[in-house]
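**Q** Protein chains in written order, with the numbering used here: chain A, 64 to 300; chain B, 152 to 447.
I should point out that these hints are in silico values taken from the structure, not numbers from a laboratory.
Be careful, since some hints might not be right.
Straight-line distance between alpha carbons at most 20 Å, and here's what the computed SDA-like set of lysine to any residue pairs gives [what the hints assert, rightly or not]:
1. A:K206 <-> B:S402
2. A:K206 <-> B:A214
3. A:K206 <-> B:F400
4. A:K206 <-> B:G218
5. A:K206 <-> B:I308
6. A:K206 <-> B:C399
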Amino acid sequence: MRIYNCHCKIKLIKRLDKSILCHYNVNMNHVNNMIHINKMVTKVIFCIEDRFDTTMIHKIIGTDNILITREEVTKLCDSIIEKLNCLSGNDLTILLDFSSINFIALSMIKQIIYLWERVVRGEFGTKFVILHGMKTEVEEEFKIALTHERSAIMVYDSPLRLIGYLEDIDLNVWNCIINNKNGGVSADNVRNDFPGWSPSVCSNKLKKLYDKRIAMREKKGKGYVYSPIIVNMDLEP
Amino acid sequence: MSLVITIKGKVTEQVYEREILPQFEHARKILHAGQIVVVDLSGLSFVGPSFPAVMLIMMGDLAENVGAKVLLVPPESQYTSAYLERLDFFTYAGFVADFDTAFMLNISKYKENKNSRTILKINRICEESGARSIVNNLLIHGYDIISSNLHYNPVEIDQFLQIVAELCLNITDHSESWGVVLIQYLSYLARPIVRISVVDKGIGIKSSLFKKYAEYGNKSDCDCIKAVLREGITRKSGHPLGLFAIRCFVSRWHGVMKIRSGTGKVWITENNKEKQVSRLIMFPGTHADIQLPLQN
């Protein structure tokens with residue numbers, strides 16, 4: 064995230080029927096918790112609180128530039144777990160900000176991915192994690208580790224993207240959701256794009272993305288409507 | 152009683168396996184705590200790139216595991232002494248051996264050399280923070296050498312750091328002892344390469360595996376090394392050795408990787424083929440030696 068004078072506006076087009084263009088001021092002074100991890104000081108920032116639904120995005124910034132010891136990563140994961148557990152309600156999103164990290168050891172990336180797998184399994188309820196601000200090198204290592212674990216995660220940067228492993232066909236469905244401008248995608252919408260698929264196949268494909276925690280869903284009528292964790296974003300100084 | 156281990160002439164990998172390791176093995180068998188062993192390097196004229204790191208481990212094994220008193224006789228060759236001094240060999244030799252302090256005064260002038268091809272001098276690792284300082288050191292001091300001489304881009308340099316970090320973390324996570332790291336930029340067969348040597352004097356790969364999987368108690372050292380170089384075993388433990396990941400990086404670059412542990416040695420060729428030699432002289436610990444070539 065480009066932070067201009069420690070202050071930036073994030074435009075988010077929020078979810079589904081609440082597709083209202085919301086402006087959130089993210090002020091770096093809104094730091095309400097500090098966790099000291101050895102030399103690393105992690106700021107846990109409750110940066111955005113959605114007034115329209117239960118989504119909150121939590122931002123964790125490490126100010127040290129090397130993340131290498133097991134002790135540090137364990138403490139970092141523990142602090143994330145603590146946040147995941149203490150937040151009530153569903154559909155909570157945690158944003159992990161790596162913008163200050165220059166190097167993270169592959170073993171430690173794997174520890175973060177094991178935690179992500181626990182999130183995907185629903186150990187903490189319906190929660191979502193997205194990554195942000197990774198340097199090219201760090202993102203490359205995450206791609207390698209995620210692909211190895213056959214897992215995928217969203218990256219909240221421009222362009223909004225998915226890294227890791229996802230079958231091509233599922234990626235096409237995910238792209239359907241991402242590119243949709245109408246506030247959500249139903250099985251019928253998917254069927255329009257993939258005419259050969261039966262309604263149940265379309266539903267299953269969408270559910271798979273939700274189960275992998277790379278898309279959100281909301282009950283609408285008899286079925287579900289799926290949307291990205293964050294539909295669109297635009298960062299302005 | 153005292154024993155003399157004589158190391159002379161040119162020490163290449165073959166000489167080290169054939170002549171030097173047997174002497175240390177013999178010393179380990181016959182020496183008792185408090186006895187003196189003299190490691191005589193006076194006739195040494197040339198040393199291979201990973202020899203300084205291995206020597207520290209071998210002397211450390213006699214001093215700490217056997218309890219012998221190690222006396223080191225430095226090389227008479229000024230060229231060899233200067234080379235070892237530039238790598239900080241004598242600083243770390245001082246942890247495990249005694250030697251003439253007057254000698255140190257004579258060679259300290261060789262400590263710094265602008266033309267030195269050392270990317271990382273010998274570093275001793277006892278705990279995870281050692282890995283951290285090595286990566287930090289490489290980011291600050293080694294980045295330019297790797298980037299300008301070997302033409303690695305930032306992603307490749309990061310992968311290079313991953314290799315070093317994982318090898319260092321293996322020492323603290325699995326060896327149950329200390330180890331040393333040495334990284335040099337060399338010319339091999341007229342091609343520039345980076346040579347990473349990470350050696351520990353720990354329990355070895357077989358014992359490390361045996362602690363988690365009893366079935367490895369009956370396997371040879373080579374089988375155990377090959378097991379950790381392949382995918383699968385690290386996934387089960389949730390506490391990876393990281394050697395499989397390192398192999399992937401090295402293979403992608405057509406580098407060479409050698410692992411020596413116990414009585415076995417396995418190496419991965421430039422074409423990602425496995426080769427092995429078994430029933431070698433016992434090596435106390437694990438020695439990982441990696442050669443990475445210039446990138447296009």
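**Q** Broken hints, numbered, in rising order?
**A** 2, 4
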